[in-house]
Each structure stands twice: as structure tokens, then as C-alpha cells.
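Visitor: Residues per chain are reported as follows:
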Amino acid sequence: MKTIIILLSFFVLSAVFTGCKKDKKNDPAVNNPPPPTNENEIITTVKLYITDSITNTTVVKGFSDPDGDGAQPGSFSNNGTDSSFVLMPDRTYFCKLYFLDETKSPVDTLSKAIGGDEGYVHMIFYNGDPSATGNYGNVILAQSPNYAVQLNGSNIKISYLDLDNGPAKGYAQRNIGLYTKFRTASSPGTALYPLRIALRHQPGTEANSSAKDGTYAPGSTDVEITFKVGVY
Amino acid sequence: MYFGAKAQCALSLSGQVTDLDDGQELEYSIVTLAELNQTTTTNRHGRFVFNNLCAGNYKLLVQHFGCKDTVITVQLQQSVKLQIRLPHSAFELTEVDVMDKRKEMRNTQVVSELSGAELDKTKGQSLGDALKNITGVTTFNTGATISRPMIHGMQGYRILILNNGIRQEGQQWGNEHAPEIDPFIAKKLSVIKGANSIRYGSDAIAGVILVEPGDLPDTASVTGEVNLAGFSNGKTGAASAILNGYFDRLKNFNWRVQGTYKRGGTVRTPSYFLSNTGIEEKNFSYTLGYHYKKVGVEVYYSQFNTIVGVYKGAHAGNLTDLKNAYNRSKPLDSLAAFSYEIDKPYQDIAHELAKANAHYHFAARWRLKLQYAWQYNIRKEYDLHVPLSQQSNVKPVADLDYRITSQTMEGLIEHDNIRSFRGQFGASFMHQSNVYLGRFFIPNFLNNTWGTFLTERYVKQHFEFEAGLRYDSKSLQSYYYNNNQLVSPLLKFENITYNSGIIWKPDTTFNLLGNVGSAWRAPAPNELYSNGIHHGVGAIERGNSDLKSERVYNVTVSAILKRKRISAEIGAYVNKFENYIYLDPSGKSELTIRGAFPVFNYLQADANISGIDAQVNLKIFSHLHLIAKGMWVRGWNESINDHLVYMPSDRGEVQLKYEFDFKQLLKENYVQMNAQYVCKQWRIPEGGDFASPPGEYLLAGVEAGTKITMGKQALYVGFSVTNLLNTVYRDYLDRFRYYADAQGRSYNVRLRIPLTIYDKK
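Sequence order for the protein chains is A and B.
Quick note on numbering: our numbering labels position 99 of the first sequence as 104, and the sequence is numbered without any gaps.
Quick note on numbering: our numbering labels position 60 of the second sequence as 182, and the sequence is numbered without any gaps.
One chain only, chain B, in its complex shape (with noise of 0.2 Å):
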């Protein structure tokens, strides 16, 4: 307490504004002292500060972008700290603005990013690889080129992946099929962990998948950004540019283009290369909007390529062939050398994206969304095996074909904050219609589905609480020859699913959060109808048109801790399956010509799938920070009293980073050593495989990072190490491990250059 003497003008005036509703902290806050005409913005935190001030009366003045102006007055006596609480402001046109820039709703489930400097680190490498990143997230891999996600051991439709807002639809039923999504467009990539039904519909069991691009420019300029990435291993190299703009003449339209290009060579494990391992990818993508007060459309199309080799090594005639393969110590063709070429086997996959939404604020703090895509992939796979006298000059034609369009309308209505309640309603339509042309292994169907889901959300400065409703409906009508005859099966499906959330929120640093939730998915064309060999994996699979939809029911705990030094998350989760579609391996084999192959058959159990995913990040001295990651997963049939196949095992990293400057040259500096230690997967039900799973292994890396600015032009430039120890190693998510081991030691390069080829700011 001060007893100032009249001299003494050495008072503090500092505060925090925060958001009265949620208790969100007010960056960029305007705050002025009127008396002394001074002006100030608070910062991250919401925190401002005025300093040597004098005793006496202030009228403090504070302004935020979607609040009410306030005006407080202070008689200041001594130094005070102040906390400022905004109400939203009741005018229209702020709404608007402040709706469009708060995200949607916050989750009453972890949301998990890569944005920044974490996601330009993952540049130039596939989706699947780059989500690796977040705790929880896996990949089932076939071979290094092949990366398909995984959350909590869950993939393919029990996963939903958004593409710019649109449901990702191909033949994601394939162990052997990676999503077709360029991961260049991406501005964020984020992991909703969680059964996520009710905004999303069906696939959202294990999470959703979130790949957005950033915002478009909204004042006069033309930016972008070049990528440039490049992998000792694999010799691969990956070029990718974004351009987007406001047109300066035309008001109120702007614009992004972007562009891809990737090629790599055969990948090389510490031993020998992987013969076939290429891969070449090409996308692009147009974006176009228009925004006036309180409507914006947008128009999106965009286009992803790839030619992707298979590794010749991998394919098993029969059951013979892939025992002989595990029991080699190295492949036979161990002796092959780098070379850029795909040969048979290989994948030819397409994809098409075009997408045209809408959205109007038609009321003070209500909005309507409408948005509708049309999306077409063509999947072409070419086996190892040539007929008896294909000549190698004629044009050869695909094993397996298919080719599957799409398409998606949803509308959507949301308010924001009425007493404090903040909700969405909404209605969804998909018709989707395949073909295959080849070899049939799933059949050609129409499938509809539609649905509708309400959820509200109360919120207040301590606690959030969320409660949801959705209704859906499929009819999948299918068309293939049995028998040499042709049926045409019509199944319908019809699903409630709910969920229910809360957020505990004592204060700014700590959130706690539950939420109990389920979902569904209909049964995949392959577990309904496949009948042979699924050729690659040396077995019969007997699909089962009697499969009803599987549901879950989700309980997630998660804990979120954001002190100065240290920062955590915690998220344990129970999964109960009913219905769970799994492979059985019926213990029988069967005569073909090819030899006798093992019989799996489709069947559904009650089943459990529960675990948990730790980051702690801590920081030791100013500089240097450790971080440390876990994830442990259980899963269980409680019908067969045996494990899941295909869970990942229990699974540690362990991260030192080191931040510094070094002079005006170089600035955001680090090096980073990190080091991942994989369980051996010892948890799989019996007879569900041909070989034991792979030993545990230790993975080391080394990164470092910087920023070079010449003149106004800045330059990101990264370097890493992946493998560092060159460790033999075999992982069991990955379909090669019966004949070769994983990826060797790989020197990475990346750069980043942002453009600004004029920005009138």
C-alpha cells in the first residue's frame, strides 16, 4: 500500500477483459485512459497495463469487435488490477462478425491441432503420417507410401474424415486404401476424439478428422506460399504452392488457387531397398467467395492423383507363399536397386471434390448454412499377376475397378448465445452410387442416407454443458452376380444417437472435461458381400448380408492444464460396442486351385475398446522444453473373451526442445532430439493371424528449425532426421511386416517461403 506523496505519480492501472458469457480472454481489447488521452491493446491474455500514473479519478474506456463498449470508472488510490467482463453487443452487423470468427462450437471433447509451426513440420508427408503427430492418432500402414489413420485403433468407416467441411467418401473400406486428401491445403489439422454422431451422422465412432483450409483473404492483396520438401530416403520430393486474394477492383470476392506436385523412388529399409515403392501424386484446387454483409457463398473444386507402386515383395499367392515370406530373413529380391519407376503391382486413384456453400445471417445471432459437394474417386488396382498371354506392350487393363460418386447436402441453422444457450439444427442428405468394372469384390449400389440433429450448448464463465439428438436413415440397395445370377439386395438402417457433454472450468488454466455420447455405422459393402480370396493377404473372407449397424457408446474424461510451465492433457476413454463387425478366423481351410487358404468370416460381438492418451509438455529452463507423450489402448471381444486384432500397442515419446535467436539473421531457432519407444503387440486373439507380431522397437530423431529474413522476405527452413539410428525394425500395423522390414534412416529438408505480392494494408 502505497501513501503517496504528491510527487510520487508511480501507480498501476492493469486488468484482464475477458468475455462475460464464456470467459473467453479479449486479445486485442482497446483500452483508453480518456484523461490522458493514452490508448493501449491488451494482449493473448486479455491483459493491459498503464504505468506511472497519479492518484486520482480515470474513466476507462473498453472496447472489443463484437462487444459493448464499457466504461469504467476507477478512483485510484493505489495500484489496482481490474477484471473487465464484455456483454456481446446487441448490433447486427458485429453479430455477424463475431459468429464468423468464433469457431464452431467448441467440443465438450478434446479437440487436438497441428497448426503452425507443428503442422510445417509435417509438410510434404502423407495425411495419415502427419496426424502421427497427435497423441491417440496411429497409422495402419502398406508399406511407407501407404498411411492410413487410425484413432484409438479404430480406422476406415469407424473413422470420419472431413475435407474442407465435406465428408471424405472412397472405398474406405480397404485395409490397403489411404485417404485421397492433399494435405497442402491444410491450414489446421485436427482430431476430435470421441464418438461424434450427431453433428457428422454415421462413421464418427473412434473421431472425426477435421482438414481446413485457412480463411480467405478479406482486404485488398494477393499472399501465398510456396512449399518445398524433400526425403533422403525414397529420394521423394514434394513442391506445393498456394496463391490467394481480395480483389481490389471487384469488392468482396476473393479467391485462392493451390497446387501439388509429389514424386518419390523406392523406399530403403537399413538392409536393402523395397522393389516397387514409387510414388508420383498431382492435386490442385480452386477456391472462390463472395461476401456481402450478411451473405457468403463460396465455390471449391479441387483434384487429387496418384500412382502409388505396391511393393512387389508383398504379394502372396497362397498361404505357402506367405509363410515362406515371414520366414526369410531378407526378401528375395533384396538386391534390387533405387529406382523411380512403378511397375505392377500398383494403385491408379482419382479423386474429385466439388463443393458450393452458402451461409446467411438472417436474425441477429442466427445463421443458416447450406452447403452442397459432389465428389467422384476412381480406384484402379493392378495385380502382380499377368494372365497367361497378356503381351507387355498391350495396354493393360485394371484387376480391380471402382468407381464411386457422391453426393452431400446439408443445411444447417445455428444461434449464438440466447441466455446463454448456443445451439445448431440441422438436416443431411448423401446419394452415393458405385460401380466396378474388373474383378468383382464388393458390388455395385446405390446407397441413400438422410438425417437430422439438434444439439444446444449452455454456457457460462465456469461451466459448459451440451446435449445432443440425431435420427438417421440408410438404404443401401446392392447389385452382383451370385452364383451366376443376379440379386439385388435392398437393406435398410436406422440409428438414434445422442450425446451429452460437460465442461468444468475453474479457472483460465485448468478445464475439465466429460462427455457421454454414441454412434453408428451401417456394415461396409466388404463385410456384407465379400466371397473369395482377398487376394495380397492369402485368405478367403466370407462377407454376411445379415450384419446389422454397428453402435457405440462412449464415455470420455479428458483434463486440460495450461500453466506457465508446464502444460498437460489427459483423456481416458471407455468405448462399448454392439454389434462390433469383425474377421473370424473359423479354424478352417479351404481347397482352391491355388492351394488351401484359411476361411475368415465376417461376424459381429459385443465389444470394448478403451484407453488413454497423455501429453505433458514442461518447460525445464526458458529455453528448453521437455515433452512427453503415451497412449495405451485395450480392445476386447467380449463374445470370443479375446482381444481385437489390429490394436496398436502401448506406445512412448519423449521430446527435448531447445529454443533460441541468433541474431537478426536467423530468429525462432530450435533443435529438438526426440526418441519413440513401440511396445510389442502381444495383445491379439488367437488364430486371428499367420505370423506373431513383430518385437518392440526404439526410434530416434533429431529436427532444428529457423527463420531467415532477408529484407522483408522471411524464410522457414527445417531439417530432420528420421531413423536416426538406422534401427531394423517391423511394426505390426503394417501390412508389410510379414516379408520386409520398415523404413531405414531418412535426411529431411523443408522450406517455406510466404509471398506478399501486394497487400494495400
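Excised from the complex, chain A in its bound form (with noise of 0.2 Å):
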């Protein structure tokens, strides 16, 4: 008797224990694989668009990948020739990003939401040659709210123009890096050097859900992509 009553008791309690966690009941069939359709939001193509401050002409450089990190590689647009371009030395540029979702209908502008309501957990970084060491090839010139970088190679110069919404949060006033101001120095010869854009995605714990710092380390990226520039 006191056999049956240990096991009875086992039974119950390790059913309790471990709760009925099995799916099993809602496991779709075997020929029927879920469409790969994306519910959350995946950044597709990126857009820089470069506004030149004396004449006000505006061009623009994009870079595509149609399934965003899924087996498809991304290309540069207009047939790759976006990868690079040429800038005026010894002149002021106001460069705006944009983060576009083309798998949805309408297209969705994430950079919106970035710059937006979660702007406290992102952060745009310029760097100049992406396998140098220390600060990425830059030479940070202010820190936020006033961030501005300058790049090793071509020199340019970036200035942060945007804030998030770190104080709304409770965080510090940091920028994002959407909205830039490029400032070419004289030019450094018909060479061209890399500019890469990186769009780091720094959320933290539930504890304390931002771990943006206003450094590079921080989080994982989510876009990055490498341009070629020339300042001649």
C-alpha cells in the first residue's frame, strides 16, 4: 500500500512539475512547410541620397537584396555602378538614409521607426577602412548629442544633425545618423576609399532595455554596407 501510495504521488507531482508544454496538436502537416512570407519587418534596401548644398542637386546611391539576409545575395542598384561615387572636394553635402521593407505592399520605410520610436536603440556608424583597428578607421571628433566622425582615407568629415528619443526613455541624448552633413576636405588624390554604413541594432536586456552607448560595440548589426568614395 505504501508502495502505491509513493508512485501515485510521484505521478501527480511530476506531472505538475513540467505542465503539458507538448504542441504536438498544433504541429502543421509534413507537406505543407510554412510559405516564407515575413511577418516582422526585414530591411531590404538601403538609400543614400546626397544633397548637395551649393547647387541642390540630390543623387542617389542604393543598395538592394530582395529577401533581405536570405539566401539571395543583395547588389548594388543601377546594375552595381551605385557602389561608388564621386564627391566636390572642400564642400558641404546634407545626406539622408533610408532603411526600405520591398517585400511589403506598400513599401514599408523602416528608417522611420528607427529615427522614431526606436531611435533609443539604434545607431548608425560611418567608418572609413573597415579592417583597420582602433575606432574602425575613424577619428571621433564630438560625442553625442553633437556626434561627428572623420573618416580615415577620404577624409570626409560627418556630422550627426538627428537626436533620438533616448530622453523619453530615460536614457542620454544621443544622435542616430539618418540625417548627416558630409564636409569634403581637399582632395587626397582620383583614388577611391571605402565609406561603410552600418546600422547597429543595440537593444538590451528587460532589465534595462537599451544598451546604446554611443559607441560601435554594443548590439548586433543589421545592415551594413560598403560604398566606395572618391573626393576629387
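Worth double-checking, as some hints may not be accurate.
[Said to hold, decoys possible] EDC-like, lysine to aspartate or glutamate: derived pairs with alpha carbons at most 20 Å apart:
(1) B/K254 <-> B/D242
(2) B/K181 <-> B/D191
(3) B/K203 <-> B/E157
(4) A/K233 <-> B/E712
(5) B/K789 <-> B/E403
(6) B/K445 <-> A/E123
(7) B/K452 <-> A/D57
(8) B/K415 <-> B/E334
(9) B/K254 <-> B/E818
[To be verified] For the chain A half of the interface with chain B, some residues (derived, Cβ under 7 Å), not all of them:
(10) P33
(11) N36
(12) P38
(13) I48
(14) P71
(15) D74
(16) A76
(17) P78
(18) L105
(19) E107
(20) G219
(21) A222
(22) T226
(23) V228
(24) E229
Bear in mind the hints are in silico, worked out from the structure with no lab data behind them.
Ideal Cβ positions, reconstructed from N, Cα and C, are used throughout, including at glycine.
Since each chain sits alone in its own frame, please combine them into the complex, following the hints.
Guide: Spelled out as C-alpha cells, the structure:
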């Protein structure tokens, strides 16, 4: 009798212990795999609008990867010619970055959210030579809220013009980098230099929702494309 | 030679009792001297002795379970030493018991086991970590909490794991997927090293790992055991209890219930914490058995549930991130503190197993075994990546979600000792269905595999010879979207494997084993169909749907020596692979919106994996033992003329153990010092890795154990310190070596409390 009581209590305990967590009933049929819809937003396209402050003309350079980071590779727009461009020396340009999800109809402009509600967990970094160590090839000229860097190679000075919603979420005021001012110096020659643009997503934990601290290090990369830019 | 004065009755009659057929020493033989009404039983080596005998004629009756009673007439003029060989009995019932008690046919390959005190030392560790104590076995880790066993450098689908006799089926293709087995159910962990497809079918290329519970009791009793283990690093605790019994009223029924709970927090390297490396595990199992004369039936159900955190710093967005992580001396979040919380990224896995088996002795020396098992493995992985606008209070949806259901059926006919032949003939069938929700990485599929085999062994006292043949057929139907089109390719694989082995046993102290065999495995779903970024590894992997089955031809030679002062085991093996499947670095990168990723393609090649495992145990003084182990593995890709990736480096281990007794209270005491040296793995393929392998390292440890007896209750206690010197190191076979150091020092304690609630004996 004692044995039966021990056994019964064990059955009950283990059932309570683990709960009935098996989702077997909801398993889909094997011959019906989930079609590749992307309910979550994915970034498929990056567009860099560069406006010359003197002539007021705007040039667009783009990169597109139709399935985000899926199996199909991405490429620079206009048959790849968008991968490089040339800026005039000693000139100021105003640049705007757009991130789009072109799998949705109508096209979803994700940079709106990145610049708005999601600003406190995103930051864009413009780097010079990606293989350089120590600040990734930049010289940091000023910190947030007036973040500015100077890229090595092209010597372009980039000042960040936008602010995030950090204070509304209880964090320090920082920049994002969707709107920037590019100031070119005198021409370093006719060579092309790397201009790497990386969108860093820097969420924290449930306790501390943002890991953004003004540096590249925290978080992970959602977008990384490297243009080649000449200044001459 | 005595010239006995009649008053001198000082002669001795001693001897050894062995099995006539295989020379096995027969413990517990009953030897009776009829004239003097004296009885004794033989010891572990089958030896007995009668002293102080007078010269004369004696009749010696020798009896052993399963053997024919034998009477030997001795004319005792001087002390004699007899060698008594008992033949098998012809009685049906005793045949049954002998076959039951005889383990499944011993192999012509080396079987290494962990049982008893050696197994106790590993309680609380994961299965992979426990098996590391066997020479030739290493682990491939994803940090300290996810450990996959490797035999001779091979893992995943090249190893077969039998969980209580059933092949463990989950998502074995993932390097970061540990086997979903609770080592607390085991009374014995065994590793058969070498190609073993004859008996078990596909995947037994490097060997087979057997996780075996103890026998259920067959006398009225309720006994059990409680095991507790604690580890200071990670503040991890594990508790497991087993209760087994034999019903007093309901004769012939026996049962077992078992449960385990394990909880651990953040693991620490010598310099910092690795954030989010907690683990929680909840497992239980039930067994019910019935045995009556020639029939036995057993049903078993087990559940394994675990949530394991994946180190946050190990998330590589792209190659840039990976290289940056590797170049940092300390990870970014090195100021993290200890916590039991498990946050993203983490894995949430549940594994259910239900099995029923029966055996029936339908004739003297013949037995039929049938087995059916159902397994359901559900694996969910939650990435660190949070979609753009996901609220933290919304229930997280798993990024990867796979559910695989496997049903296996097996029938086996065995015969024991007919004209020195023992053999098995069997057939098996497996039906598997895999579905995924969430992100695609491997497709949905239906897998049907069936096989049939025959193996015979010729057993004599000084040698054994074995040969076996098997045929397998597998069909794999997959379903997935390719360029937004639903495709359902069907692949078929057929294989014949064979095996032949020999054991030479000149005496009971030395065995020489030789084995030649072949094994196969079908390509894994990720090797066939993966296409895209393998998150967390920083690479694009492209599967190859034209891959054929991988085949191996294996030759193993082993020598086992067991003498009084020295015992040793050394094994050398050569594996020649045809169509070895591996990830080839293409040298090219592909641009995606997330950056440039190097591309790896799954290819096939002729390859070679060979090596030596060696272990020596030396008794220096009566209580002092020196144990030395060494492992060497060489993997070579013949097609590209380069090393194979992820082969373990050469390593050696030395242990010094002192055993002693201390009064009546503390018995079976021991103190031991260990040192393990692992060489740097410089034998790596070019371009196959993002960072150079870490350097060599030395790990030291101490351990001690005792048995405390309080009245009738025994208590087994063990202490140990692992990574005693708090060595800073990274291991080549650990995915986290790009990001962080390995675990630092840990103070560990374990307690085993055997329970006897009641025992009629």
C-alpha cells in the first residue's frame, strides 16, 4: 500500500512539475511547410540621398537585397554602379539614409521607426577602412549629442544632425545618423576610399532596454554596406 | 612435495572454475567436499580453496547457475590446484537465466564503460562531459553548458546514441545541439568505438554510446537512490531520485520511477562572467516490467525538458563582428554579474520517449526480442535579434522551431551457444516526420528507413571470431520553398555493410582484438538543403542535394592487458571514408544587406581519420595508482590534400590516486590529483576558419571521496576541484572560443544516498 502511495504521488508531482507543454496538436502537416512570408519587418533596401549644398542637386545611391539576409545575394542598384561615387573637395553635402522593406505592399519605410520610436536602440556608424583597428578607421571629433567623425582615407568629416528619443525613455540624448552633414576636405587624390555604413541595433535586456552608449560595440548589425567614395 | 606423516593434515585443494565454452571465470560457483560436508563459493576469479586436508580420496561437487553439475574425483597425496571447466546445462529454464544474465554479445571491438564509482564521479554533469572520462571521447562545446560527445573527432550523425536501447533521434545535425538525455537514468555509460552499422544501422560510424539503466529488481523489495550534486561555478545544483521495486502481492511485476531537476546560473571564466549561460532541466521517467518464465515485457516513458541560455556575447551579426569579437581581449559585457535568469538568446527543448519491448524464449538457447519506440523532439531557438518593433511584453515567437517525430520498430532472434556459435538475426524499421515553424533552415521531411542483418560469432576458450552483414534502405522526401516555389524532392539511399572481427585470448590477462568493418550514413538535412546565413557562425552555407551516402571502412586493433600491478588498453584505428561530407570554404564572399559573408559549400571527398587511444593503470604501491591516458587523432581530406576541420588535438592525462580506509566510519576513501595537457591544434584546413586555433593548455584538478556508514545507512560523498589553477584557456572544439575564455575554477560536491525502503531478502 505504501508503495502505491509513493508511486501515485510521484506521478502527480511529475505531471505538475513539467506541465503539459507538448504542442503536438498544433503541429502543421509535413507536406505543408510555412511559406516564406515575412511577418517581421526585414530591411531589403538602403538608399543614401546626397544633396550638394551649393547646387542643391540630389543623387541617390542604393543597395538592394530582395530577401533581406536570405539565400539570394544583394547588390548595388543601377547594375552595381551605385557602389561608388565621387564628391567634390571642400564641399558640404547633406545626406539622408532610408531603410526600406520592399517585400511589403505598400513599401514600408523602416527608417521612420528607426528615427522615431526605435531611435533609442539604434545608431548608424560611418567608418573608413573596415579592416583598420582602433575606432574602425575613424577619428571621433565630438560625442553625442553632436556626434562627429572623420573617416580615414577619404578624410570626409561626418556630423550627425538627428537626435534620438533617449530622454523620453530615460536615457542620455544621443544621435542616430539618418541625417548627416558630409564635409569634404581637399582632394587626397583620385583613389576611391571605403565608406562603410552600418546600422547597429542595440537593445538591452528586459531589465535595461537599451544598450546604446554612443559606441559601435554593443548590439548587432542589421545593415552593413560598403561604398567606395572618391573626393576629387 | 610433502612426505606426509599421517598426523600432517596440511594439504590444500584449490582450483579455478571456468566456463567450458568461452573460458569466462565463474564467480559464485558452489564447490562442495562431500566427505567433509564443507562448502565454499568461488571468488571473482572463479577461485576456491580448501585447506588443512588429509591425504585421501575426495569427491568434489562443482555447481554453477546455468551449468551442468560436475563431480570430480581427486586422489589427494599432495596439494593440488585444479582447473575445472563447466559445460552449459541443457535445462530450458536455466538457459533462459543464463542468456538474461549474459550481457549482449561482447564485441570484437573495445567497449569502454563508466559504471560504479567512476560513473558516480560524473553525476550532475551533462552526458557529453561525463563521457569525456573515456579515452578517445572528447566533446564539441557551445560554451560550458552545451556539450556534444565526439568519438575520435566525429560527432552528430557519425555517432549513434542509444538511450535505454532506443536510437536517440532529434536534430543531430546542429553543432550547437546537445543530446537530450538525462545521464541520471544510467547505471552504466558505454562507448563502443568503431564502425558498428551491422547491429544498429546507419550513423554508427565512429561508434555507439549506450546509456543503460540498471536491471529492475526481481525479488520483493523497494530500493532506490538519491543523488545530489553542486558546482560552485555557475552555482549549479542537480538533484535526482530513483525508486525501484518488485511488487510483493503482484508477483512478477517490477517498476521504476525516476526524476531529475537541475538548475544553473551564469558560468564564470577566470576573469569574468559569461552573461546568460544559465540552464534549467526537468526530467522524469517511469518503467514497468513483467517477467514470467520464458516471457518478459517492459514499458518505459521518459521526458527531458531543458531551457539553456546561449552566451550573449557569442552572437555574431556578420564577419566584421566575428573578427572584432576575436580581437578583443575581454568581451564587451565582461562586467556582467551572476544571475540565474535566462534571457535571449536561448534554446528550449523537450524530448519525449515511450517504448515497449518484449522477449520470449521460444526454445532452449533461442530468444525473440521485439521493440517499439515513439519519440517526439521539439526544439525552439530564440535569437538575440529582436524584430524592429517587437514589444517586450508580447510572448516571444521562436525564430527556429523544429518538431521531429520518430517511430522505431525492431525484431531480433538470438541464439546462444550452438556448437560454439552465437548469433543474431534482425530487422528494423524507422518512420520519421519533421516539421518546422518559423524561419527555414532545414526542410520538412518524411524519412523511412528499414534494414535487416545477420551476425554470427564462433566462441572458443582462446579465441573468438565474428562476421556480420547488413542491408539498409532509406527514402527521404523533403518539402520546402525554393524561390517561392514549393518543391518536394525524393531521395533514396541503399547500403550494404559488413563486419568481421577476431579476439585472441591466450590467457585471462591478455586479449588482442582485431576488427574490420564498414558503416554508412545518409547526408543530413542541413548538408542537403541549407541555403543562407547560418546565424551565429557568420557564414553562408550552401547545401548540396546531390550528396550521396557517406561510407567508411574501418580497421581497429586493440590490446587489453589486466595483470596484478598493471592494466593497460591500447587501440589503433584507421577509417577510410568514401564520400565524406564536409563544409568547404569557397574563398568567396557574398554580399547581403547585413554585410559580406564567406560562403561555404557542402562537398564530398575521400578522407581518412585515424588515431590511437591508450590508457595505462599502474599500481605503484598497494594503495597508490598511477593512471595515464593519451589520445591522438589525425584527419585528412584526400581530395583537397588538407586536414579535416574540428579534429581534436593530441592530449594526455595523468592521475595519481591513493586509496585508504579510516576506521569503521569512513570506508572506501580515496584522494586523487589530475593533470590534463591539451596541445594546440595546428592541423587545420586552410581557409576553414576565421581565427587561428587557441594555444595549448594544462588543467589540474583534485578529488576525494568517502563512504560514511551510519548504522545501516551508507552515504557516499565526493569533493572535487576542477580547473584548480584557474587556468585561462580556450578550447579549439568550443564555438565560444571566438568570443570568450573557457570556464574557470569550480568547487564541486556530490552525495549519493542509497535507500532500502524494504527488502525481503
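Visitor: For every hint, state whether the structure bears it out.
Guide: We went through each hint and held it up to the structure:
1. A hinted pair counts as satisfied when its Cα atoms are at most 20 Å apart, and B/K254 with B/D242 qualifies at roughly 14 Å.
2. With a CA separation close to 13 Å, the supplied pair B/K181 and B/D191 stays within the 20 Å bound.
3. With a C-alpha separation of about 19 Å, the suggested pairing of B/K203 with B/E157 holds against the 20 Å cut-off.
4. For the hint pairing A/K233 with B/E712, the CA-to-CA distance comes to about 17 Å; that is within 20 Å, so the pair holds.
5. Between B/K789 and B/E403, the direct Cα distance comes to roughly 33 Å. Violation of the 20 Å bound is thereby established for this hinted pair.
6. Annotation: proposed proximity of B/K445 to A/E123 is violated, straight-line Cα distance about 27 Å (limit 20 Å).
7. A C-alpha spacing of about 43 Å is found between B/K452 and A/D57, which places the hinted pair above 20 Å, so the restraint is violated.
8. With a CA separation close to 24 Å, the supplied pair B/K415 and B/E334 exceeds the 20 Å bound.
9. Taking the CA atoms of B/K254 and B/E818, the gap is about 18 Å. The hint holds against a cut of 20 Å.
10. A distance limit of 7 Å between C-beta atoms decides the matter here; for A/P33 the minimum to chain B is near 5 Å, and the interface restraint holds.
11. Hint status for A/N36 relative to chain B: holds, with the closest Cβ pair at about 5 Å, below 7 Å.
12. With 7 Å as the threshold, the beta carbon of A/P38 comes within range of chain B, its nearest partner Cβ sitting at about 4 Å, so the hint holds.
13. Taking 7 Å as the C-beta contact cut-off toward chain B, the hint placing A/I48 at the interface holds, the least distance being around 6 Å.
14. Interface restraint check for A/P71: the shortest CB-CB distance to chain B comes to about 9 Å, outside 7 Å, so the restraint is violated.
15. Because the smallest distance between the Cβ of A/D74 and any Cβ of chain B comes to about 5 Å, under 7 Å, the interface hint for this residue holds.
16. Interface hint status for A/A76: upheld, as the beta-carbon distance to the closest one in chain B is roughly 4 Å, under 7 Å.
17. For A/P78, the suggested interface contact is upheld, since its CB lies about 5 Å from the closest CB of chain B, less than 7 Å.
18. With a least beta-carbon distance of about 10 Å to chain B, the hint placing A/L105 at the interface is violated under the 7 Å criterion.
19. Given the 7 Å rule on beta carbons, the hint for A/E107 is violated: about 11 Å separates it from the nearest Cβ of chain B.
20. This hint is violated: A/G219 has a C-beta 14 Å from the nearest C-beta of chain B, more than the 7 Å allowed.
21. Because the closest C-beta pair between A/A222 and chain B is about 5 Å apart, less than 7 Å, the hint holds.
22. This hint holds: A/T226 has a C-beta 4 Å from the nearest C-beta of chain B, less than the 7 Å allowed.
23. Hint on A/V228 holds. Least Cβ distance to chain B is approximately 6 Å, under the 7 Å limit.
24. For A/E229, the shortest C-beta to C-beta distance to chain B is roughly 4 Å, which falls under 7 Å, so the interface hint holds.
In the structure shown, a violation is registered for the earlier hints numbered 5, 6, 7, 8, 14, 18, 19 and 20, in ascending order.
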